[in-house]
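Residue numbers (this note's numbering), protein chains in the order written: chain G, -4 to 150; chain H, 2 to 773.
Just so you know, the hints here were simulated from the structure itself, not pulled from any lab data. The reader is advised that the hints may include incorrect statements.
[Stated by the list, open to error] To list a few chain H residues with every Cβ distance to chain G over 12 angstroms, as calculated:
#1 57
#2 150
#3 152
#4 158
#5 230
#6 296
#7 334
#8 387
#9 565
#10 600
#11 607
#12 757
[Unchecked claim] Pair by pair, the computed Cβ-Cβ distance ranges are:
#13 G:4 x H:499: 23 to 31 angstroms
#14 G:25 x H:145: 46 to 54 angstroms
#15 G:56 x H:502: 33 to 41 angstroms
[Unchecked claim] A short, non-exhaustive set of chain G residues, derived as facing chain H with CB atoms under 8 angstroms:
#16 34
#17 70
#18 74
#19 83
#20 87
#21 92
#22 95
#23 96
#24 97
#25 99
#26 121
#27 124
#28 128
#29 133
#30 134
#31 136
Note that CB positions come from ideal geometry on N, CA and C, so glycine has one too.
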Amino acid sequence: MKLLRLTVNGDPVELGVRDEETLLQVLRERLGLTGTKQGCDLGDCGSCTVLLDGEPVLSCLVLAATVEGRSVETIEGVAGADGLHPVQEAFDEVGAVQCGFCTPGMVLASKALLEKDPRPSRSEIRRALSGNLCRCTGYVKIVDAVERAGKAYPA
Amino acid sequence: MKREPRRWVGRPLRRLDGATKLRGDALFTDDLRLPGMLVGKMLRSPHAHARILSIDTANAEALAGVKAVAVGEEMPVRYGILPRAEDETALAVGKVRYVGEPVAAVAAIDEATALAALDLIDVRYDPLPAIFDPREAMTREDVKIHAETKVANIERQASLLFGDVEGGFAAADHVREDTFFKAAATHAPIETHAALAQYSGGKLTLWSSTQVPHYLHRALAKVLELPMERIRVIKPFLGGGFGGKGEPFSLEFVASHLARKTGRPVKIVHTREEVFLSHRGRHPMHMTVKLGVKADGTITALHFRNILDGGCYGSYGLVTLYYSGQLLTCPYVIPAYRFDGFRVHTNKPPSGAQRGHGGVSPRYAIDVQLDRVAEDLGIDPLEIRLRNAVQPDSVTVNDLRITSCAFSECLEQVGSAISWKERRGKLPRGRGVGMAGGCYLSGAGKAIYFNPMPHSSVRITADRGGGVTVFSGAADIGQGSDTMLAVVAAETLGIAPSMVTVVSADTDTTPVDLGTYSSRVTFMAGNACLEAATQLRDVLLAAVAEELEVHVDTLEIRDGVIDGPGIDADPLTFADAIVLAESRGGPVNGVGGYTPPELGGSYRGAGVGPSAAYSFSAHAAEVEVDLETGHVEVVRLIASHDLGVALNPLAAEGQVEGGASMGLGETLMEDYEVLEGGQLACPSLLEYRIPTAVDLPDLETILVESVDPEGPYGAKECGEGSVHPTIPAVVNAVYDAVGVWLHEVPISPETILALMKKDQTRRVAPRGATRP
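Could you put the whole structure together from the sequences, leaning on the hints where they help?
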């Protein structure tokens, strides 16, 4: 058991975690942030993607005890009080959401990409999202959404 | 036929639940938690076929934190999605039939305790010989997977004969017979199955990731021996189904049973491996196609033989068997047709229904065979398809009624989009284009159990604020049926979709809908919603007409405002109309139901295949085959789909793209393989490879509208037919690229290289040049 302090969506969090507890478990089961999804628990599907200090990580493969002092952004932290983030807005507008289970991870992976490069090519978008599986869409509209969202970022 | 201009139908519309899902607020079953909730886990068989000698649960029960243990004898009532194939129990009774079959279950205070308890359950087995090849299982009388099968392990033999097949082959100028194999595939939705059960005050509530709340409701009542009114089934947000959540599953009964046993809520969530083990995916099919044609390519007769590997339980298999035969008389006119099929039990996880149910693998075989025949005769593949294309308002040889049909247009559109005439047979070696067609039903004409009630029912209520709520049992599994209902209601009522709330898939509050399978929801629930909304509109306009003393036929609702003579000065809003109607005596409602017309023939098996409307599709693929490695890259895939009318083009394109992407996965990489001994070769998303974003091209969709006379606002299905043409389009493109025919799918670079080598020893192929 370890005392863990971290920042989640801008808020300070302090809790005791067991050695084997994953960041995904802490988010979903301890903090009630169920927007982060568990699709495989093996690092294969990308549904549990969150941003750790701005970098996309698979929270099912991150031991909670290792994120002491770091900053985590989950899907619940993406939209502002005044509406959706441009990435979310673009996903909604072009029809990039179907069942919605991969969506939180997709949004965070896309956001991380666009913050580095707001004008990625379609193949760069595909590469950046290749660790996030979607079984509904065939990815076309997801790539469309990321392309569109990039235009909201300063080039 | 051109469709009438509409206010909302045909406009790209955002999903009702888009923002909720994007913000992470959508609650899926595993996101729900209740006070005092326990975690359930199931112990699974390590044997492919074995008698259960004993189960000792004493040590598990004694573990601190364990609240209950369950074994099969506690729930011995058998169930199955088809009344004729109720052959499963919630936990194995007497014997196990596949590696991974649930044998016992525990409910404990947390996951770690539950898993520790599973290790303490002592099951003693007596292993039996196991069979994994259906062709072997058909004759092995010494090994019976089910005691009830009369001949070896054949669950059902189906034979259908229409027209003069012998005469048709005799009249043919060319007859070609070949065999094809399509491996198993599985749904792989990103959300794993989950069930949360609460038993309180003598009533069971089950939240479950199910596509079929109504059928689940019935099965729970039967297995748990509870009256239906003591059971409520709720489908929360659901993370993809594709057929993989389309029937009752063990975890739903077990969670319910453990909740009743402990008096505490119990949640069971499948691990990814358990999703793969539960399966119910595409049947492996061993197919033989004999096709006869005239010299001009006109089809004279077809004989299709199919052996379906059903795995160890019935599931939807009897329907799969008949679909695999029945759906082949379309989209090409087959004047004489014979089908012989077998569904056979093996010691594998059960095969069942997957997107495009029954028809996907046979479509691969037929559309490749059509290309082979065309090649033999020197006919262009597009031309042979157009020549045989099914036409509107016709009847197939097996009595399927075709009404709206734009199949020829689908073919022409993809042909034009891929520049067929300029490119087929004319690209450099390694590059090729191919094409295929398809068709699918807009909902099965018959319910799974016989009953005289509507297949879909909808109730709409209006509130004084001007909003309406649509209540429907239809399960939105991500395809967007809630939004579809809102579009239909809004269009009919003359209000904006944003004024419509949809409450769906809750057996306590919503009228019955048979569920999300056989591509039925838009057509059936859409029609029920149209009828309910029309009734509500009529009630509202009658009240307004009475108030204004005008004839009701002079009134209409447009953009939330009542329009008609005498109301120019002081506009009446939709909300005003509701208040007027409600003032005349109580809440304002509309109800509607949809029952398919009586369709199809009277022969045995005639109940599977008929539908009130069929979608049509054509795909064109362009591939690049690496001549050194045999690797195939699909460079372009163009999918046209006759969906009647696109109620919401955004959603419809998404369905077609999703269907085609599943088809590409099955063509190139997906193989649900069971190893000798019964171990699953692919129990994770690493081993079972579904397409990632880098595996697919930018799929191109062409929506073709034929305006169906019976569909809601002319709409038909688009979610399942969109899988059908993909596999043969790619396989035919590979032939165009390198001159080899692939008779097994998924295709592999090794096979392509071997076939190319064989081909080159026969003739020296022109390289890097335009082929003749």
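Hints, one by one, checked against the model:
For residue 57 of chain H, the condition that its CB be more than 12 angstroms from all CB atoms of chain G holds, with the nearest at approximately 29 angstroms. At roughly 34 angstroms, the least C-beta separation between residue 150 of chain H and chain G is larger than 12 angstroms, which holds for a residue marked as non-interface. Residue-level check passed: residue 152 of chain H sits 38 angstroms from the nearest beta carbon of chain G, beyond 12 angstroms. The claim that residue 158 of chain H is not at the interface with chain G holds, since no C-beta of that chain comes within 12 angstroms of its own (minimum 34 angstroms).
Listed as outside the interface, residue 230 of chain H is consistent with that label: its C-beta sits roughly 31 angstroms from the nearest C-beta of chain G, beyond the 12 angstroms cut-off. Chain G leaves residue 296 of chain H outside its interface by the beta-carbon criterion, the shortest separation being 40 angstroms against a cut-off of 12 angstroms. Interface exclusion of residue 334 of chain H from chain G stands, the closest Cβ pair being 31 angstroms apart, more than 12 angstroms. The non-interface label for residue 387 of chain H is consistent with chain G: the shortest C-beta to C-beta separation is roughly 27 angstroms, beyond 12 angstroms.
Listed as outside the interface, residue 565 of chain H is consistent with that label: its C-beta sits roughly 36 angstroms from the nearest C-beta of chain G, beyond the 12 angstroms cut-off. No beta-carbon of chain G comes within 12 angstroms of the beta-carbon of residue 600 of chain H; the shortest separation is about 31 angstroms. Distance check on residue 607 of chain H: its Cβ is at least 34 angstroms (rounded) from any Cβ of chain G, clearing the 12 angstroms threshold; non-interface status holds. For residue 757 of chain H, the requirement that its beta carbon stay farther than 12 angstroms from each beta carbon of chain G is met, with the minimum near 28 angstroms.
Checking the proposed 23 to 31 angstroms range against residue 4 of chain G and residue 499 of chain H shows it holds: the Cβ atoms sit about 29 angstroms from each other. In this structure the supplied range 46 to 54 angstroms holds for residue 25 of chain G paired with residue 145 of chain H, their Cβ-Cβ distance being about 50 angstroms. Judged by the Cβ atoms, the range 33 to 41 angstroms given for residue 56 of chain G and residue 502 of chain H holds: they are separated by roughly 40 angstroms. Taking 8 angstroms as the C-beta cut-off, the interface hint given for residue 34 of chain G holds, the closest approach to chain H being about 5 angstroms.
At its closest, the beta carbon of residue 70 of chain G sits 3 angstroms from a beta carbon of chain H; the interface hint therefore holds under the 8 angstroms criterion. This hint holds: residue 74 of chain G has a C-beta 5 angstroms from the nearest C-beta of chain H, less than the 8 angstroms allowed. Interface hint at residue 83 of chain G: satisfied, since its Cβ lies 4 angstroms from the closest Cβ of chain H, which is below the 8 angstroms cut-off. Using the Cβ-Cβ criterion of 8 angstroms, the hint placing residue 87 of chain G at the interface with chain H is satisfied: the shortest such distance is roughly 4 angstroms.
At about 5 angstroms, the closest approach between the beta carbon of residue 92 of chain G and any beta carbon in chain H falls short of 8 angstroms, and the interface hint on this residue holds. A distance limit of 8 angstroms between C-beta atoms decides the matter here; for residue 95 of chain G the minimum to chain H is near 3 angstroms, and the interface restraint holds. A distance limit of 8 angstroms between C-beta atoms decides the matter here; for residue 96 of chain G the minimum to chain H is near 3 angstroms, and the interface restraint holds. Of the supplied interface hints, the one on residue 97 of chain G holds, with its beta-carbon coming within about 5 angstroms of a beta-carbon of chain H, less than 8 angstroms.
The interface hint given for residue 99 of chain G is met, as the beta carbon of that residue sits about 5 angstroms from the closest beta carbon of chain H, less than 8 angstroms. Because the closest C-beta pair between residue 121 of chain G and chain H is about 4 angstroms apart, less than 8 angstroms, the hint holds. Residue-level restraint check for residue 124 of chain G holds (minimum Cβ-Cβ distance to chain H is 5 angstroms; threshold 8 angstroms). With 8 angstroms as the threshold, the beta carbon of residue 128 of chain G comes within range of chain H, its nearest partner Cβ sitting at about 6 angstroms, so the hint holds.
Hint status for residue 133 of chain G: holds, given a least beta-carbon distance of 3 angstroms to chain H, under 8 angstroms. Against a cut-off of 8 angstroms between C-beta atoms, the interface hint on residue 134 of chain G holds, since the closest Cβ of chain H lies about 5 angstroms away. At a threshold of 8 angstroms, the smallest CB-CB gap from residue 136 of chain G to chain H is about 6 angstroms, leaving the interface hint in force.
In terms of the numbered hints stated before, the structure departs from none.
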